[in-house]
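Undergrad: Residue numbers (this note's numbering), protein chains in the order written: chain P, 1 to 94; chain U, 95 to 629; chain W, 630 to 834.
Derived by calculation from the structure, the hints in this document are not laboratory data. Nothing here was measured: the structure is a model prediction, and the numbers come from that model. All C-beta atoms, glycine included, are put in the ideal place defined by N, C-alpha and C. Check the hints yourself; a few may be wrong.
[Claimed, not checked] Partial pick of chain P residues on the chain U-facing surface, computed with a CB cut under 7 Å:
hint	residue
1	F84
2	T87
3	F89
4	D90
5	R94
[As the list claims (entries may be wrong)] Once the Cα atoms are required to be at most 30 Å apart in a straight line, the calculated BS3-like pairs of lysine-lysine come out as:
hint	chain 1	residue 1	chain 2	residue 2
6	P	K70	W	K714
7	U	K584	U	K518
8	U	K204	W	K647
9	U	K518	U	K445
10	P	K70	U	K204
11	W	K647	P	K63
12	U	K204	U	K152
13	W	K714	P	K63
14	W	K797	W	K718
15	P	K63	W	K718
16	W	K738	P	K70
17	U	K285	P	K63
18	U	K285	P	K70
19	U	K291	P	K70
20	U	K204	U	K376
21	U	K291	W	K714
22	W	K797	U	K285
23	W	K717	P	K63
24	U	K152	U	K251
25	U	K439	U	K518
Listed here are the chains, written in short residue letters.
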Amino acid sequence: MQHGKTHITSYRTHGIILVLLLFLTTITITVTWLDVGRLSVGVAMFVACIKASLVLLYFMHLKFDELIFKIFAGMVILLLAIVFVITFFDYLFR
Amino acid sequence: MTSKTTALPPGSFFDQQGKYKGILGWLTSTDHKRIGIMYLMCILVFFLVGVTLGGIMKLELLRPGAQYMDAQTYNGMFTVHGIIMIFMVVIPGLSAVFGNFFLPIMIGAKDVAFPRLNLFSWYLFLLGSTIAVLSQFGGNGPDTGWTFYAPYAINSKTNVSTAVLAAFVLGFSSILTGLNFIVTVHRMRAKGMTWFKMPLFPWSLYATAWIQVLATPIVGITLLMVIAERTLRIGFFDPSLGGDPILYQHLFWIYSHPAVYIMILPAMGAVTEIIPTFCQRKVFGYQAIVLSSLAIAGVGYLVWGHHMFTSGMSDFSRMAFSFLTFIVAIPSAIKVFNWIATMYKGSILIKTPFLYTISFIFQFMIGGLTGLTLGALATDIHVHDTYYVVAHFHYIVFGGMGFAFFAAIHYWFPKMFGRMYDEKLGTVAWAIVFSGFTLLYFPMFILGLRGMPRRYFDYLPEYSSGHFISSIGAFVLIIGIILMVYNLVKAARTGELAPANPWNGRTLEWKVASPPPLENFDHDVEVTEHPYDYE
Amino acid sequence: MEQNHSTTHEHRDDTGSKLGMWIFIFTELLLFGGLFLVYAVFRAKYFEDFHIAAHQLNVFIGAVNTLLLLISSMTIAMSITAIQKNHKKFALLLLSITFFLAFIFLVNKYFEWGLKIHHHLYPGSDLVLTLTHGEIMFFGLYFFMTGLHAIHIIVGMTLIGYVMVQVKNDRINSGNFQHLENAGLYWHLVDLIWIFLFPLLYLIT
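Next up, chain P with everything else stripped away, as it sits in the complex (with noise of 0.2 Å):
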C-alpha cells in the first residue's frame, strides 16, 4: 500500500493537544465547582467526548490512517452508542 510516505506527527503537534487537554481538564473540574446541577453530567460528557476524540485522532494517528480504520472505529462507537440508546428503552419507560 502507501509504505514510504508514513505519517510523522510532529512533537509540535504532540505538546499543542496536550496542553488542549490539560485545558478541558481544567474545565472540567471548574465547571463541577461551579454546581450547574443535573447539566454538570452533559458538560462533564461533552467535554470527555472531546478529549476522546482529541486522544483518537492525533495521539492514535486516526486522522492520517486509511479510510478503513476511521469507518472501523466509528462503527464501533456508533455500535456502543445504539446499545444504550436500546438498553434505555427498558429503564427509561419501565
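With chain P's structure known, arrange chains U and W on it following the hints.
TA: Chains U and W in isolation, oriented as in the chain P frame:
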C-alpha cells in the same frame, strides 16, 4: 474394505514438519490446517460428551416420576449439557474447525494473518474447556443452567465462579479467532480476489468474526462482574444489595443472542458452498447473500431483548425488540430463497453432504418460523420457558448449525484427510440421524404448546406420550451419530484415496491436492473469475 | 505490499498488524462499554446517592492521575515521532518517562485504595453494607472500574517495557516500528478510558 491401505501421497501437511515429531509436532504447529484438525478432535470429544449427557436426560424423561436421578442431579445435568454444547461445541464449531482449515485456502493465502496467535487461541480454548470440565466434574457442579441468571447464580453454593471463568476464557479464545479472521480477510486475499470475488463461506466467516469481536467482550465483563459479586459482595445484580437482575439479563443477552449468529452464520456459509457444487449451478444472488450475512450480523446484535419478554422489561422496549426480531427474519429468509433458487434447474447430485444440506434448510425453516412465534409478544407469553422454546432452539442450533456441520464435514472430508468415506454408510447414517432428530424434537413443540415447562426432571402423566416418543427419538439419533462418526473415523484411517476435486467444485480449495500441501499453494495465486462460474 | 515481497518467508504486514491491534482495542472498548452501561443504569436509578458517595473520593488525586496519564499519552506518542526521525536515545527517554508516570499512577492508586480500605469503604465491608443501596453500588463500581483499569495499566506497562527492550536492541527502528505503535495504541486506550472514568467517578459531587 481393502486389507491393505494405500498411504497418503507425500508432501501434504500431515507430513512431519518442524523440529518435533508426532503429537508434539501437532501441539507446536502454527499451520492453520493442523490447528483446524486439532479443534475438530476436541470438539468431537466434547460433542460426544454433550450427546451422552443429553441421552441420559432423555432416559430420565422416558417415563414420569424419578427414574435414575434426583432433581438436583438433573439440574446439574442440563447445565453441563448446555455449557459444553454452547461454549465448547457450537460457538467454536464451524468457524474454528472449517474456518481455520479453509478460510486461508479459499482466499488463496498461505496461512491466517497471525499464525502464532491462532495456536494461542487453541490453547486458550483447551484451557477454558479444562476449567469448564473441572467445574462440572470436580464435585458440586453448577445447577444454574448455561445462562447463569442472577440472582440465583450469585447465591448458588455450587461451582458457579469456576464455570463462569471457563466461559470467560473460552470467550477470549473466540475473540482472538475472530480478530485473526478479520485481518486475514482484509490483508491476505490473493491477487485479483476482490471483495465481491470472495467465496461465500469466507464472507460468512468475516461477518461472524465481527460479531465475535464486538459481542463477546460484553459477556466477558458481565461474567467478571458475576465473579466479583460472588467473591466481593458488590451486588450489581443482587436486588438485596440494590442491584438489578434484569440488567444481568440485558448484558448476558447482548452477547448471547449474537452468539446464536456466531453459530448459524458460518453454517449458512458452508451450506452456500455445498449447494452450488452439488447442483453445478452458479449461486443465485451472490450479492444478496453477502449483504444478508452482514445484515444478520448487524441487526442480530440489536435483538437481544426478545429473550426477556416476560422479565418485567418496559412495554416500549418489548415492542422495539419484537419489531427488530421480525426485521432480522428478512435476511435469513433471503438466504433460503437464494439456496432454493440456486437448485432450480440444476443437475443435482444427491450425496451425503447434500442430504444434510437439504435437511438443514428444512429444519432451519421450522426453527426460524417458530422463532417468529416466540418473537411476537402475545404468543411468547404463552410459550415462554416451555418445551416450545427448547424445540425451537434445538431446531436452530442442532437442526441448523449441527446439520450444517455434518454437511460440511462430509463435503470437505476428502480434502482434509485425503480419503473418501463410504457413501452408502454415510447415506444410511443420514437417514437415521434425520429421523431420530425429528422424533426427538418435533414432539417438543406440541409438549410446549400444551404447557410442559422446560428444565423439569418430572412431568404430569398427560405429557407422557410426547416425552416417550421424544426419548425414543433421542436413542435413534444417538445410533445415527455413532454410525456417522464410525464411518468418518474409519475413512480417515483406511478410506480410499480421494482425488483433488471429488465433487467438481470451483472454489480454490479444490484446486490444490487432497490433503493440501504445507503452505497450500506452491505458487502465488491469481484469481480472475467469480467463485461459482459453473455452466 | 509489493515492495515487501522480496523476502518470501519474512513477509511483514504493518497495516495488518495495526488492524489487528485496533480490533483488539475495539474489544476493550466494548468490555469497558458494558461496564459504563452498568454505571449509566445505576447512575440514573440512584442519582442522589451517587452524589453523596462521590464526596468520599479525593478529586485532587484523581486530577493528578489524569494529568499523569495525559502526559504519558503524549510522551509515548512522541516516542513514535522520535523513532521515525531516528532519535533512538530520545525515544528511549520518552518511553522511560511514560513507564515512570504509569508507575506513579499506580502508587497514587495504591494510596487512594489503601485509604478507602482503611476507612472500611470497600465492597462487602460492614460499614458499606449499612449504607444506602446507591452508595453500595457506587463503591462497588468505583472499585471494580478502577481495579479493571489498573489491571490494564499493568498490562500497558508490560508492553512499554517490552518495546523499550526492542528499541534498545534496534529491533524497533525507523523502518520497523509497528510494535511500538501498537503498544502506543494500547496505552492511549488506557488513557481514553480514564478520560471517562475521572469525571464519572470523581466529578459528580
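Undergrad: State for each hint whether it applies.
TA: Against the structure, the hints come out as follows:
no.	hint	in the structure
1	F84	violated, 11 Å
2	T87	holds, 6 Å
3	F89	holds, 4 Å
4	D90	holds, 4 Å
5	R94	holds, 4 Å
6	P:K70 to W:K714	holds, 26 Å
7	U:K584 to U:K518	holds, 14 Å
8	U:K204 to W:K647	holds, 20 Å
9	U:K518 to U:K445	holds, 9 Å
10	P:K70 to U:K204	holds, 28 Å
11	W:K647 to P:K63	holds, 14 Å
12	U:K204 to U:K152	violated, 46 Å
13	W:K714 to P:K63	holds, 20 Å
14	W:K797 to W:K718	holds, 9 Å
15	P:K63 to W:K718	holds, 27 Å
16	W:K738 to P:K70	violated, 34 Å
17	U:K285 to P:K63	holds, 28 Å
18	U:K285 to P:K70	holds, 25 Å
19	U:K291 to P:K70	holds, 25 Å
20	U:K204 to U:K376	holds, 27 Å
21	U:K291 to W:K714	violated, 41 Å
22	W:K797 to U:K285	violated, 37 Å
23	W:K717 to P:K63	holds, 25 Å
24	U:K152 to U:K251	holds, 26 Å
25	U:K439 to U:K518	holds, 26 Å
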